[in-house]
Amino acid sequence: MISTYHAALLADSGILMLGALSVYIILATGQLSLGNAGFMGIGAYLASYLTVEAGLPLTLALVLSALAAGMVGIVIGFPALRLRGIYLAMATLGFGEMVRSFFLNFEPMGGAGGFSGMVHVSVGYIWLWAGGILVLVTLLERSRLWLEIRATHDDETAASLVGLNTTATKIGAFGFGAAVAAVAGGLFAHHHVYIEPANFGFDRSIELVLAVILGGSTVAPGALVGAVLLVLLPETLRFLADWRLAAFGTLLVLVLLVRRQGILDRGLFRALTFRRQAS
Amino acid sequence: MAILNGRVEKIALCASLVLGLAVASSNEAEAQALAGREIAIGAIVPSSGHFAEWGRTNTVTLKMLEKQINDAGGVNGAKLRITIMDDAARPAQSTNALRKLAGDDKVLAVAGPLTSSACEVVFPVANQIGIVSTSQASSKPGVAKANRPWAFRNTVDEQILAQTTVPYFKQTFGIKTVAIIYDAKDATAATVGTKIMPAILTANGIEVLNASDLLSFNTGDLDVSAQVTKLRSYNPDGVVVSADYSQAVTVIREMKRQGLVKPIVGATQLISSAILKAAPEMPIIAPATFYAGMETEAAKTFVSTLTPLLRKESNLPAEIEPSMYDANIYEIVSMYVDAAKNAGITAKPEDLEADRVKIRDYMAQLKNFKGLGGPVSFNADGDAVKLFYIVEGKNGVWTDKLHKCSDPNPAACGL
Amino acid sequence: MSGTLLLQQAINGLTLGAVYTLIALSFSLVMGILGILNLAIAELFMIGGYVGFTLIIAGAPLPVALLAGMLAAAALSLVIEKIGYEPLRNAPLITPMLSTLGFSIILQNLATNLWGSDPLQLPGDMLATRIALGEVSIGAMQLLVIGAAIVMVAALAFVIRYTTLGRALRAVAENRDVARLLGVRADRILLIAFLLSGLLAGAAGVLISLHYAAITPYIGVETGLKAIAVMVVGGVTRTWGALLAGPLIGLAEVATVAYGGSQIRDFVVYGLMILILLVRPQGLLGGARSDQGPRV
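Residue numbers (my numbering), protein chains in the order written: chain A, 1 to 279; chain B, 1001 to 1415; chain C, 2001 to 2296.
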C-alpha cells in the first residue's frame, strides 16, 4: 500500500501526462500550442458543471467535456492554419488567456471565487484514463495515419503534393489534442475538488510544453517521463529551501543541454523496450 | 538553525514570559508524562513565489517557537518537532505537502496553508485523511465552514470584519460616497470587492458610485492609471481598495500620482508595513487581529523577540517586522502544544488517529486560549473568535482605533 | 465622458503603450528578427529595473542608474546566450525557448532572495515632478518613458536598416548558411543581438520601474506577455511596428477600462491580437510572412 502522499504524486503525474500528451499530439503536426491550459480549463469547468450541477456520472461528464473541447479545438484549428511558428504560439497563448479571462468573469461557476463541490476520484481512476489515452496515442503512432502526421510535420508542402490532406491532419490534431487536454482538466478538477481560473493560466500551458520537451517530444511515452520528472523534481529539491526554484531552473537548463531531444528519444525507447522483450 | 544560536539567552528569558500561555495549565504530575517521546507538528508556508516574504517570516517564527518550547522542557517532557514545508503558494503543492506531513511524517496536526486558494484544496484532503489543518491567513468567506470538522482558520471572516470597518470609516471621515477597485485575479480580493463591500456599504447608507462598473485590475499589473482616472472622475469621498497589499501599493501610488488623495478602506489583506510607504499622507483603514505596534504584553514580547531574528535572516529585507500571519501561526502551533499537554495525547504511533481526533476536539472546544491579543476560541464555522482591531495606517505607522470581538457575545473575547 | 477625462485617459493609454513598446523592442531583436523565443527577457527587464532602482535609492543620478541597469541586463543576456541558446541553436524552436524559461525561473528566485518578494518602493516624491497641461497633467517620468520609446525605436530602426551590423543581422535571420557563405560570422552576430537586446531590456526596466515607483520580482511576467503581443501585432521584423502597436494595445486597454469593461480587459486585448494576426498574419507593418515562420 503506497502512502497518500505518493498516491497524490502519482495522480498529479497522470494528469500532467495527459496535458503533455495534448501538446504532443498537436506538436506532432508541427504546430506549437501555448494555449492548451485553455482547453484544460474548458474541460475542468464543463466536467465539474456536469457532475455537480447536472448530476451526471464522472465518466460520462469527461466524455462530453472531451467532445465539447474537441469541437472548440477544431474551431481554433481552422484559423491556426494561417499561422506558423512564433505567430501560432502567440495566437494560442492569446486564446488561453481569453479562456482564463472568460472564466474569471463567468459568475454562474463562481468567477474569481472558484468552483467546488466535486467528488474526489481515486488515483486508479485517473490512471485508467491516463494509461488508456497513452496506449491509444502509442497505437496511433504505429498506424499509417501517424506517417501522414509526421510527413505534415517534416515538410508540409511535399506532403500535400503527394496527395496527403494536411489541412485535415492539422485540424484533427487540434481537435484530438483539445479533447485530451479537457480530460486532463476534468480529472484535475475531480482530484483537487476545487478549481479557479488561475489554475489554467499561461504557466500551466508552459508546464505542459515543458513536460513534453523534457521527457522527449518524438515518442508518446516521453510525456510520461516528463510529467513524472516535473512532479517529482520540486519535491526532491525541498532540502534547498529558499533556492529550490533556482535549482529547478538550473536542472531544467542542464537537462536540455545534455539531452536536447528530451530524456526519452526513439533510440533510447527502442533500446529499453527491446531489452524488456529479450529478458 | 545557525541564526538562532546567538539568541539563546534572550530567548530563554523571553520563553517563560511568552509561553506562560503554554505551560500555565500543566501541573507537576503531567510535566513528564510524555518524556522520551516526540510531538510532531507540520506547517505549510509559501517560502518561494509571490508570498515568499510571508512564508519565510513564518518559518523563522516557527523555528523560534520550537526552540522556546524545547528549551523550556518540551511538551510534558516530549520534544517538539515542527516540520515546515514550502508550497510556493501553489495549491497543488500545498495538498502534496499536507499528504506528506500526514502520511509520511505522521504529524499530529498541521498549521497552514496560508492562501485561501490553497485552503480550498487542502481542507478537503485534511477531512479525507482526518487531520486538523488551521490556516494562518485565509479570510475568504466560508472556506473552513465548507470543510468541517477538520478545517480551522485562526482568522476572522472578512464579512464580520467589514461590518465594523465600514461604519468606522464612515464616521471618521464623514463618508457618503465611495468608489471600489479590486484585484480580479485574487479570489479573496474579488469576493470582498464585488460581494461583501458593496452589500455592507449600502447597508450603512454609503453610496457606491461605481456599483454598475466595479473597477478591476489583475495581480501583477504595473499600470492602473486608467482605473484610477476613472475612480477620480466619480469624485468619491473615500476609496475601497480590495487587494493584497503588494498590489494595493500600485493602486495607492497611482492615486497619489493623479492627485486622488482620499481615505482608503479595505480588508485584512492590506495590513503590512510595505503599504505604509506607498502614500504616507493617505489614511488607510483596515481590520487586523495583530499588527507590529500592538500594545498587549504578550504581543510586545513576541515582537521584540522575533524582530531581531527576522532581521538576521539573509533572505528578508532589513527593516522587516513580524506580520499578522506570524502571530497567527505562532498561536496555532501554541494551541496544538496546549492540546498535546492537556488532551491526553500519547504521541505513540499506534494512537496517531486517536491523538488527531483529540486535537480536533480540543480545538473545537478551545476556551480562553491566551493569544497575543487576548483569548482565542473557534466558532461553529471553524473560524477564530478573537479580538480584532480597526487600525489606521498613516505617516508610516498603524494605530489602533477601535477593537471589537469577532463574536456577537463580547465575553467570548474576554471583554 | 467629458473632454478632460478623455484626454487624461488618452495620456494614460499612450504612456502604457510606450511602456509596452519599450519592452517589445528588447523582444524584437532576438525574438522578432532572429525568431528565438527568449522568455528570459521579461526577467532581464526586471533585474535591470532592480539594479537601477537600488542605485537611485542609494542616491545615484538617473544616467548612472540607467547605465548600470543596462549593463547588468546585458551581462546576463550574454550568459543566457552562451549557456542557454548557443549550444541549442540547431535544435527546434521550443528547446531554446524552454532553456530561457529555466533562466527566467532562476532570475525570479535570485531577485526574491536579494530584494524580497514585497514591492520595493521609491520613497516620497523622488522623481514625481508633474507638469500640468490645463486640466490634465503628465508626469516628468511619463514624458521620459514616451520620449525614450520614440528615440530607442528610431535608433534601433536605424541600426537595423542602415548599418553593417543591421545588414548582417538580417542576413543571419534570412538564412544562416548563406550568411556564413557571405562572410558573416553568425555566432558573433547572435551574441551582439543578445547584447543589444539585454541593453534595451535593462533600459526599459530602469525607466519603467522608476515611472511606476515600485518593483517586485514578478513585474516582468504579465507585462512581458503583453509586450510579446505588441511585437507580434506590430510585425516582428518591422521595428517601427512596435511604435504603432504599443500605443494601439495601450489605448485599447485604457478604452476598455474607461468604457466600463475593466473586468474583460485581457479578453479584449488578446482578442484584438488574435484578430489582427488573422487579418494581417504578418503584423500591421508587414515583414516576414507568418506562414514561413521557423519550424517548431
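Calculated from the structure, these hints are not laboratory results.
All C-beta atoms in this analysis are idealised placements derived from N, C-alpha and C, irrespective of residue type, glycine included.
Each hint should be verified, as a subset may be incorrect.
Ranges between beta-carbon positions, derived for each pair [to be verified]:
1) Leu136/A to Leu2144/C: 54 to 64 Å
2) Leu254/A to Thr2004/C: 50 to 60 Å
3) Asn2175/C to Leu136/A: 52 to 62 Å
4) Asp1351/B to Leu2114/C: 26 to 36 Å
5) Arg266/A to Asp1351/B: 35 to 45 Å
6) Thr1202/B to Val135/A: 41 to 51 Å
7) Arg266/A to Asp2187/C: 44 to 54 Å
8) Pro108/A to Arg2280/C: 28 to 38 Å
9) Ala2154/C to Arg266/A: 26 to 36 Å
Below 20 Å or equal to it, Euclidean Cα-Cα: the simulated DMTMM-like pairs (lysine to aspartate or glutamate) are [what the hints assert, rightly or not]:
10) Lys1063/B to Glu107/A
11) Lys1170/B to Glu1350/B
12) Lys1106/B to Asp1071/B
13) Lys1079/B to Glu1350/B
14) Lys1312/B to Glu107/A
15) Lys1079/B to Asp1104/B
16) Lys1367/B to Asp1407/B
17) Lys1106/B to Glu235/A
18) Lys1401/B to Asp1213/B
19) Lys1195/B to Glu235/A
20) Lys1401/B to Glu1319/B
21) Lys1195/B to Glu1392/B
22) Lys1358/B to Glu1392/B
23) Lys1145/B to Asp1407/B
24) Lys1256/B to Glu2135/C
Facing chain A, from chain C, some residues (calculated, C-beta under 8 Å) [to be verified]:
25) Met2031
26) Ile2057
27) Ala2060
28) Val2064
29) Leu2088
30) Leu2101
31) Phe2103
32) Ile2106
33) Leu2110
34) Leu2114
35) Thr2129
36) Ala2155
37) Phe2158
38) Tyr2162
39) Ile2228
Against the structure, the hints:
1. Leu136/A to Leu2144/C: 54 to 64 Å: Taking Cβ atoms as reference, Leu136/A and Leu2144/C lie about 58 Å apart, which means the hint holds.
2. Leu254/A to Thr2004/C: 50 to 60 Å: holds, 57 Å
3. Asn2175/C to Leu136/A: 52 to 62 Å: violated, 40 Å
4. Asp1351/B to Leu2114/C: 26 to 36 Å: violated, 46 Å
5. Arg266/A to Asp1351/B: 35 to 45 Å: For Asp1351/B against Arg266/A, whose Cβ atoms are near 54 Å apart, the range 35 to 45 Å is violated.
6. Thr1202/B to Val135/A: 41 to 51 Å: With a Cβ separation near 58 Å, Thr1202/B and Val135/A fall outside 41 to 51 Å, so the hint is violated.
7. Arg266/A to Asp2187/C: 44 to 54 Å: violated, 30 Å
8. Pro108/A to Arg2280/C: 28 to 38 Å: Cβ of Pro108/A to Cβ of Arg2280/C: about 36 Å, so the range 28 to 38 Å holds.
9. Ala2154/C to Arg266/A: 26 to 36 Å: Violated, at about 50 Å.
10. Lys1063/B to Glu107/A: It is violated: about 42 Å lies between the C-alpha atoms, which goes past 20 Å.
11. Lys1170/B to Glu1350/B: Roughly 57 Å separates the two Cα atoms, so the pair is violated.
12. Lys1106/B to Asp1071/B: Between Lys1106/B and Asp1071/B the Cα gap is close to 23 Å, so the pair fails against 20 Å, i.e. violated.
13. Lys1079/B to Glu1350/B: holds, 18 Å
14. Lys1312/B to Glu107/A: The hint is violated at about 46 Å.
15. Lys1079/B to Asp1104/B: Within the cut-off at roughly 19 Å; holds.
16. Lys1367/B to Asp1407/B: holds, 13 Å
17. Lys1106/B to Glu235/A: Distance of about 18 Å is within 20 Å: holds.
18. Lys1401/B to Asp1213/B: violated, 32 Å
19. Lys1195/B to Glu235/A: violated, 38 Å
20. Lys1401/B to Glu1319/B: The given pair, whose Cα atoms are some 25 Å apart, is violated under the 20 Å limit.
21. Lys1195/B to Glu1392/B: Violated: Lys1195/B and Glu1392/B sit about 23 Å apart, past 20 Å.
22. Lys1358/B to Glu1392/B: violated, 40 Å
23. Lys1145/B to Asp1407/B: The hint holds at about 16 Å.
24. Lys1256/B to Glu2135/C: holds, 16 Å
25. Met2031: holds, 7 Å
26. Ile2057: violated, 23 Å
27. Ala2060: Violated, about 28 Å.
28. Val2064: Violated, about 29 Å.
29. Leu2088: holds, 6 Å
30. Leu2101: holds, 7 Å
31. Phe2103: holds, 7 Å
32. Ile2106: holds, 4 Å
33. Leu2110: This hint holds: Leu2110/C lies near chain A, its Cβ roughly 6 Å from the closest one there, short of 8 Å.
34. Leu2114: Not OK, violated: Leu2114/C not within 8 Å of chain A, min 11 Å.
35. Thr2129: violated, 36 Å
36. Ala2155: violated, 24 Å
37. Phe2158: Nearest chain A Cβ about 25 Å off; hint violated.
38. Tyr2162: It is violated, given that the least Cβ distance between Tyr2162/C and chain A is near 26 Å, above 8 Å.
39. Ile2228: Check passed: Cβ of Ile2228/C comes within 6 Å of chain A, closer than 8 Å.
In the structure shown, a violation is registered for the earlier hints numbered 3, 4, 5, 6, 7, 9, 10, 11, 12, 14, 18, 19, 20, 21, 22, 26, 27, 28, 34, 35, 36, 37 and 38, in ascending order.
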